[in-house]
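S.K.: For reference, the chains in residue letters:
Protein chains: 2
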Amino acid sequence: METELPTIFSAKRTSYVRSSVIREILKLTVKNSDILSFAGGLPNPDLFPKDLLSSVMETVIRENVSIALQYGDSSGYANLRIQIVEKLTDVPWVSPSSITVTHGSQQGLDILGKIFMDSHTNVLLEDPVYLGALQAFSPYHPNFLSVPMESDGPNLYFLEEILSQNKIHVFYANPSYQNPSTYTWSVEKRIKIANLLDTYEIIFIEDEAYRYLDFDGKVYPSVSSFRKRNDLTFILGSFSKILSPGFRLGFVIVPELYQNLFTAVKQGNDLNSNQFSQVVVSKLLETMDFDFHLRSIQSFYQNQKEYLVYLLNQFLPEAKFSLPEGGMFLWVNYPKINSKQFMESCLKNGVAMVPGTEFSPSSRSSSYFRMNFSFLTKDVMEEGVKRIADVYRDINT
Amino acid sequence: METELPTIFSAKRTSYVRSSVIREILKLTVKNSDILSFAGGLPNPDLFPKDLLSSVMETVIRENVSIALQYGDSSGYANLRIQIVEKLTDVPWVSPSSITVTHGSQQGLDILGKIFMDSHTNVLLEDPVYLGALQAFSPYHPNFLSVPMESDGPNLYFLEEILSQNKIHVFYANPSYQNPSTYTWSVEKRIKIANLLDTYEIIFIEDEAYRYLDFDGKVYPSVSSFRKRNDLTFILGSFSKILSPGFRLGFVIVPELYQNLFTAVKQGNDLNSNQFSQVVVSKLLETMDFDFHLRSIQSFYQNQKEYLVYLLNQFLPEAKFSLPEGGMFLWVNYPKINSKQFMESCLKNGVAMVPGTEFSPSSRSSSYFRMNFSFLTKDVMEEGVKRIADVYRDINT
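Chains A and B are the protein sequences, given in the same order.
In terms of UniProt numbering, the first sequence opens at residue 1 and continues consecutively.
In terms of UniProt numbering, the second sequence opens at residue 1 and continues consecutively.
Careful, some of the hints might be misleading.
It does not matter which identical chain is used: a pair holds within one copy or between any two.
[Said to hold, decoys possible] Below, a list of computed lysine-lysine pairs in the DSSO-like style, where the Cα atoms sit at most 30 Å apart:
1. K31 - K340
2. K386 - K228
3. K192 - K340
4. K27 - K87
5. K31 - K87
6. K27 - K50
7. K340 - K378
8. K167 - K12
9. K27 - K12
10. K336 - K228
11. K12 - K189
12. K192 - K336
13. K12 - K50
14. K12 - K228
15. K167 - K340
Just so you know, the hints here were simulated from the structure itself, not pulled from any lab data.
Take the sequences, apply the hints, and build the full model.
M.R.: In structure tokens:
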């Protein structure tokens with residue numbers, strides 16, 4: 001935190017609270033609309049079926065308004081939990097009572113941090129890691145360890161080293177189209193790692209927020225689906241990328257043993273998830289051609305990705321990245337730069353990206369930047385890449 | 001928790017998680033619709049202006065859909081924060097940047113617990129206390145102390161004793177139409193206690209969820225408005241009672257010093273509050289005659305309260321209670337009963353109330369029961385009171 005706080009008044013855990021540079025960058029880009037931003041992680045709202053939303057709203061107000069406008073079950077709206085089981089999960093042991101609907105998958109991270117992380121609990125992360133997980137877990141002050149990532153998943157040599165030398169309690173990972181790297185674990189690695197998790201009796205928090213964003217419409221089997229110890233595995237899902245972040249809904253698949261505890265913590269956090277949104281999303285899922293909708297998102301993002309790839313190859317061939325199979329980002333390595341200086345010069349030159357440091361569990365400096373392609377028009381992307389290229393050449397000549 | 005948990009896998013704080021008997025009672029009443037329930041705390045959805053909602057939804061979909069369906073500012077939707085300052089606060093130092101919109105006022109309690117409560121922090125509560133606060137604070141494992149309540153606020157003799165003998169860090173209270181007691185602090189006590197809080201440098205968490213439910217339309221000045229130390233006072237508000245719990249929105253007025261920290265914790269919890277609901281509620285506030293709406297809620301609840309009072313006087317004159325000035329409950333003392341036995345017999349006889357034990361910071365046994373009058377029709381209330389009277393006479397003859 002930048003502000004000096006009267007620590008005598010705050011709990012010790014507040015000194016571990018992590019703020020987000022992304023938020024600061026977003027503020028800058030809102031203040032100064034001349035800055036072209038690859039920094040966000042915003043889904044494209046044009047992909048949302050707005051006409052359908054109107055008719056669904058009418059139906060909800062006509063037929064379900066007393067449910068939609070009331071408090072609800074702390075575990076979530078019953079119909080929606082059934083739909084999640086039917087449409088959005090692949091583990092065989094799941095039932096509606098396994099599902100707790102959360103206020104975005106981010107809330108699932110906070111609740112699982114609260115349940116599993118004491119001061120100095122060993123928690124293994126991917127490096128790079130989803131920033132929101134660092135923000136959710138940090139106040140509980142676990143001991144973070146991290147495993148280096150390759151484009152097809154964790155480096156197995158390092159993973160086995162870490163597991164054999166430390167008592168790892170929780171492993172948090174984002175195996176499909178990871179934010180920020182868009183790395184996706186191969187099926188082979190999924191199976192191997194599921195076995196390792198079973199052997200070492202490790203709780204796995206599998207973040208599947210991007211599960212359905214494969215450019216070809218492929219859906220990877222979850223790592224959890226390969227585990228024998230289904231009492232030690234939690235899967236997080238989200239409606240933010242496949243429908244809209246505005247409904248602020250996600251879910252967690254909770255093993256039976258932990259369901260009462262999870263619900264009690266959820267209740268203490270906020271009583272129950274937004275009932276109005278739950279009824280609307282449930283009705284949307286009932287009404288819409290969901291598979292068709294997914295395909296249209298997937299092919300739109302594929303198209304956007306290809307254009308950004310083309311622009312970088314064309315205007316800045318020094319930039320290195322692996323081609324993602326899905327998601328909303330390119331994870332770009334700009335060789336021979338000082339990342340802080342590069343970012344500041346980019347901002348001065350009217351273009352924003354998120355520096356890789358933000359996603360490092362140890363805040364290590366990095367020459368990587370996360371570039372979002374889901375939100376910008378092609379013209380803006382082109383102008384943005386040109387501005388980055390100008391800055392890069394300025395620095396490197 | 002009833003379920004045996006493999007504690008080796010859970011954080012220490014989970015042993016302090018409190019589940020809610022209310023939830024168990026609600027489950028029973030859902031399973032068995034023959035049970036007439038005074039147990040809930042549900043606002044009456046018939047008071048909601050549904051026609052207006054239809055037209056507001058149309059406008060939102062037409063005019064604000066890209067904002068409503070996107071991620072939002074972690075502090076809340078700017079327009080709504082301005083409206084909160086204009087319509088729903090009385091402290092002079094407030095500005096839109098003081099407001100963070102939360103996922104119900106319950107989330108405000110969790111965030112403030114996270115920020116201020118370490119293991120063994122001295123936290124003063126009212127006795128009886130709002131159950132949700134116990135649920136939110138308990139996982140942070142503070143040391144709870146409590147002050148006995150009178151119908152016009154805390155007993156001042158005991159309060160001064162406690163403050164002079166203990167270093168109290170936080171005082172949480174619900175000064176207007178408290179849940180469960182509906183006790184309301186007099187203006188005189190508000191001023192005196194504000195001074196005491198200043199003298200002892202205590203952080204005050206003022207829960208104003210029921211602020212606008214006065215039967216006569218009166219609005220008490222907040223305790224915080226009498227404080228000189230406005231850097232040590234937080235006010236929680238809610239849209240659940242004045243509009244609808246379905247939108248799951250509340251807010252916290254945060255002193256400047258803590259705004260960055262509060263926002264960072266909010267971000268870790270769930271990124272931002274439900275953007276769709278925020279846009280809809282903002283548009284509703286813009287469109288509706290808010291004062292007229294409040295008056296109609298207030299007079300409906302007054303009417304309901306008077307009927308329940310009449311029924312108890314008529315059928316069960318042994319029941320003792322003070323007449324509330326507002327809110328949704330009667331806090332009823334049933335003399336000469338064993339509360340556990342009384343509750344069980346009531347449930348067997350098809351009627352539910354919440355036993356006072358639930359609201360005791362020390363889980364002390366109590367002959368009080370919380371009876372809700374906001375939700376039931378008059379016929380149902382009459383049948384319910386008759387059933388309670390039958391059980392009472394069975395036990396006491």
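S.K.: With 30 Å as the alpha-carbon cut-off, assign the pair K12 and K228 to within, between, both or neither.
M.R.: Answer is between; shortest inter-copy Cα gap is 26 Å, intra-copy 38 Å.
S.K.: Give the relationship of K12 and K189 under a CA distance limit of 30 Å: within one copy only, between copies only, both, or neither.
M.R.: For K12 and K189, the Cα distance exceeds 30 Å both inside one copy (39 Å) and across copies (33 Å).
S.K.: Up to 30 Å between alpha-carbons, please classify K27 paired with K50: within, between, both or neither.
M.R.: within (28 Å within a copy, 36 Å between copies)
S.K.: Please work out whether the CA atoms of K31 and K340 approach to 30 Å or closer within one copy, between two copies, in both situations, or in neither?
M.R.: within (21 Å within a copy, 60 Å between copies)
S.K.: How do K192 and K340 come out at 30 Å by Cα distance, when the copy is not named: within, between, both, or neither?
M.R.: neither (38 Å within a copy, 53 Å between copies)
S.K.: For K386 and K228, with the copy left unspecified, which applies at a CA distance of at most 30 Å: within, between, both, or neither?
M.R.: neither (50 Å within a copy, 55 Å between copies)
S.K.: Please sort K27 with K12 into within, between, both or neither, judging by C-alpha distance up to 30 Å.
M.R.: within (28 Å within a copy, 38 Å between copies)
S.K.: At 30 Å max between alpha carbons, let me know whether K31 reaches K87 within a copy, between copies, both or neither.
M.R.: between (40 Å within a copy, 27 Å between copies)
S.K.: Which holds for K27 with K87 at a C-alpha limit of 30 Å: within a copy, between copies, both or neither?
M.R.: between (37 Å within a copy, 27 Å between copies)
S.K.: Tell me, please, which holds for K167 and K340 at an alpha-carbon limit of 30 Å: within, between, both or neither?
M.R.: Classified as neither; 35 Å inside a copy, 45 Å across copies.
S.K.: First find the shortest C-alpha distance between K167 and K12 inside one copy, then the shortest across copies, and answer within, between, both or neither for a cut-off of 30 Å.
M.R.: both (25 Å within a copy, 17 Å between copies)
S.K.: Is it within, between, both, or neither for K336 and K228, if the alpha carbons may be no more than 30 Å apart?
M.R.: neither (46 Å within a copy, 55 Å between copies)
This entry does not satisfy hints 2, 3, 10, 11, 12, 13 and 15, going by the numbered hints stated previously.
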